[in-house]
Each structure stands twice: as C-alpha cells, then as structure tokens.
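Participant: Make the full structure from the sequences, and use the hints.
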Amino acid sequence: MSALLEAAGLALPGRLESTGLRAEGPGLLCLVGPNGSGKTSLLHALAGIGRPQGTVRIAGEAPEALAPAARRHLLAYLPASRDIAWPVSARDLVALGGDPEAPLAALGLAGLAERRVDRLSTGERSRVLIARALAQRPKLLLLDEPAANLDPAWQLKLMDLLRREAETALVVAAMHDLDLAGRFADRLIVMAGGRIAEDGEPRALLAGPRLAEVFGVERGAGGRWQLVSPKGDPRSSR
Amino acid sequence: MSGDARIPLPLLAGAALLFLLSLALPWTSLDALFARDPSLGWAVLVQLRLPRAVLALVYGATLGASGAAAQALFANPLASPDLTGTTSGAALGAVVTAYLLALTSPLALALGAVAGAFGALFLLLALAGPRAETATLLLAGLAISALAGALTTLALALAPSPFAFYDAYEWLMGSLVDRSLAQAAFAAVPAFAVVLLLARLRPALDSLTLGEEVAEAFGHDIARLRLWIVCLTALGVGACVAICGAIGFVGLVAPIFARRLTRGHPGRAVLPAALIGGALLLAADLVTRLAPLGRTLPIGVVTALLGAPFFLSLVVGMRWRLGR
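Just so you know, the protein sequences line up as chains V and X, in that order.
So the first sequence is numbered by the working numbering: it starts at 1 and just counts up by one.
So the second sequence is numbered by the working numbering: it starts at 1001 and just counts up by one.
Just so you know, the hints here were simulated from the structure itself, not pulled from any lab data.
Just so you know, even glycine gets a beta-carbon here, dropped at the ideal spot from N, CA and C.
Take the hints with a grain of salt, since some may be wrong.
Computed spacing ranges between beta-carbons, pair by pair [as the list claims (entries may be wrong)]: (1) V/Ala207 / X/Ala1143: 58 to 66 Å; (2) V/Arg115 / X/Leu1101: 50 to 58 Å; (3) X/Leu1050 / V/Gly108: 54 to 62 Å.
Facilitator: Put into structure tokens, the structure is as follows:
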C-alpha cells in the first residue's frame, strides 16, 4: 500500500524551498506560520498551482497525469481569496465540485442554496466555497484559511466537519488560529521562511519553545497568547 | 456537472426562423421574380440571399462565442472582440494587406486580418494583464482600437489608389451585401470550427468562476487555455472581418444574454452565445433591408445603434452596483 500523500522536492522559486511531505493515511494536518512563511505556497505546490517543481503522489497516483474529471476526486483546493468571478447561485457553485446537496446541508446552506453568491455575506460565501471543495469528495483536501471570516460557532462546526472528513481523507489546512489548530489537528506543521520548520504532535509543538522563535508570541498568564517580551528570552532576539 | 451542453430549443428555433426570414424577405420582390422567371428567383435566393444569411449567422456566432470565451477568460463581462480592439486590429490587418501590399485574394485578406487580430490580442494581454480590472481592460482596449483606427486611416491615406477611402468605407462599416457563396464559405468554415473548438473549452472556462488557482488545481492549464482562446478568436474574427468588415457590439451583448440562460455560468454560455450572436446579426441585417429609408444601411451602424445604448445601460448598472 502506498502512502496517502507522498511529496518530494516540492519547490516554488522564491516562495518555497525544496520540501518533502509524507502522510501514511487520513487525518487533519494543520499548517501554521507567520504571514509570508510559505503556507499558501506549500498548498499551491501540493495542488500543482503555478508550475511547482517536485513530485506529488496521492494514494500512489500522479495528479498531473489525470484528466480534470478524474483529478477532482484526487485533490480539492480552497484558495484564501473568497472572490467569485460570476454571480452563479450557491447550489450551482457547489455543483462545480460535485453533487451539491450533502455539502450544502453540512455547511448550513440549504436555505441559501438558490441565493446568488454575490448577495451572500463574506462568511456565507466562505462556507459555499468550502462546500464546493467538499463536494469533490477528494482524497487530499487542501484548505487555505478555511476558518477565516467565520463566526465562532461556525469555526467550531467547521473544525468538527473537517475532523469527520479526516476519517477518510487527508485534510491539510493552513490556519492562523493556533488554539483551533492545536485543539483539532492530528499533526501540526510550522512553516517559516519558505520551508517546514517543525512537524509534529500539536500539543507538544504549541507548548515548546520553537513557536516563540517562529511567531514571536508565547503563552502568558492564563494561557493567553502574548508578544514575546524583548528582554525575557534570549532566543527571541532573532 | 460542468459539461452541460444543452442548447435551449427556443433559441435554436429562433435562430433557424431568422435564417429563413433572411432568405425570404423582402417577400414581394422574390415572389415577383419567381412569377416572372423561376431561374432568376433561384439565382437571387442562392447567390444573393443565401451567402448573406450564412455570413450573418456565422459572423454573429463567431462574435458571440469569442465574446463569451473572452469574458470568461478575463472574468469580465465587458471583454468582447470589439471592445478589446480585436476587430479593429483585424480591420487594420486587412486594410494593410489590400491597400499597401496590394494583395486582394480572399486568402491574403484573411491572413492579414487574422494577423492583425493576433497582434491586437497579444498587445491587450501585454497591456492589461491576464485578469484585468474593468477599467484597465477597457482603457487598454480603447487605446488599441484608437491606435488600430489611426493606423487604418494612415494606411488608406498612403494607399496608391486615390479611391481607397471610398472603397474601404462600406467594408469598414461592416457589410454582408454582395458576397459570393465562395466568400461565405471562406468565412463560414473557419468560423464554424472556431465556435465548436471554443465550445469544447467550456469546463475549463466554467471552472474559472472559482479563480485561476482553482482552475489550475482542477488540472486546467491556464496559460494554454489563454493561448487557445487568443488563437481561436483571432482566427474566427479575422476570417469574418476579412470578408465582412468590422461589426461591433454583437460580441458584447450576446454572451450577456447567454449567461442568463446558463444561470451565470460563463463556459457553458459559449454555444448559446454563438446562437444568440447569429440571431442578432440576422435580425440586424433584416433591419438594414426593411428600414424605410429607401437605401440599405451598413449593418455595423445598426448593431452600434442598438448595441451602444445597451452598453451604456451596463455601465450605469455597474456604477449603481458599486454605489458611486
């Protein structure tokens, strides 16, 4: 049996240094890192966007060898932008991915299915776009900031939904909310300077010292995130 | 899924009806000819009216399909062969070929027009970029149209023939009159192929609703798609302009109506836009014949008179939506 995801030598000039990534089976993998650290670039490279170097094998198959009709069941990609070029209905947009009904219901959009996407709020549009990615029923689900624009309740419902998806698919989600990532992810990857800085178990990583170095934040009193104080820790001086 | 290619039957029936009307009207003169000499009647029908109807249908279809593809590609409802300067580029190419190079065979004219259309489209991509803001796209298109228009005038002024301006006037305004069946076939064959090939791109064009990144993740090669659309549009529009001159607004209006039939999907609007474009040009040609002015109007004038107010209403609608 081949691994669910095997990526080697992935690189995008100027954005992502040569990177490998391997995941044996399904799960929820969260990518964190400061702005410009290469989260989106890694997702792009995995999705084959922007002519990346390197190889990606999903369950042993090469996505670039497949026609769009077959490839959509291999990988789905949600971009960080929530822009939609044409005013189609929510249902029609989700149908670009596949059968729309179950994903629409899962994201609480059944009542908005006939609404034009340009007449939805940004958060509702985000949910429509997530539903579109889910509708592809892919083996590898690549999500760029899926929780952005969502209210607190929908952020939690989304993470529950992703956990359920992660029973059968590999979900790779770039996140900014460290608490949300740490609470729901099986595996955390910390990006810095266009490469993978850390890769491991979320709780251990979030408690460890590397986070302060990469992000310049640390847990303060009551578990709240705070900026690393310049005098406190010598490692924060970089 | 995204491959939905059904064409609404009423649309097909409407285009077919307009085609038949284009052959039959004005009925009185045809009726009189058939009564006097059936062979004369057939000659008028086959050698005068049939090429005219065929040209209106294929030229309109080319403009509609190219406009729909360009609008999907640029993610912009105002991208169309005329507003992007493609048509005027093709006209420039044909004028240079005919009056400066003195090559007047249909093939030379068509090659000149296709080259001009190519030049205009590549200039547009260079100036406005692949996903242009409306303002950038329109300004770049305006600049290219103005440049092509000025160069066309210059080419006519420099032409050895003193009658070049007069000669070119009717053709530059767009005309379907007095073209032979051979000429009609010369435009129709590439135009028909272009419409069908553009229609094959519809899944890729539909996926562009989600942006270029998602379209790429779906496995569509956007750079190749862009090249295909530029080549096909230049070929189709070039071949039609070489025979019939420049006709505006059909390529803008037809895709906008077509997307109403496809619930906003830009790619599967390509074939309906082709039919609507053909129907619009057939209708405009009927107007030129039946308008009670005692003489035939240039068809480009009719499409502009009908199309410009529609274009203005689009601009006003956009202004309201933007709340300015």
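Participant: For every hint, state whether the structure bears it out.
Facilitator: Going down the list of hints, with the structure as the test:
Checked against the hint of 58 to 66 Å, the pair V/Ala207 and X/Ala1143 passes, with Cβ atoms roughly 60 Å apart. A C-beta distance of roughly 57 Å is found between V/Arg115 and X/Leu1101, which places it inside the suggested range of 50 to 58 Å. For the pair X/Leu1050 and V/Gly108, the supplied restraint of 54 to 62 Å holds, since their beta-carbon distance comes to about 58 Å.
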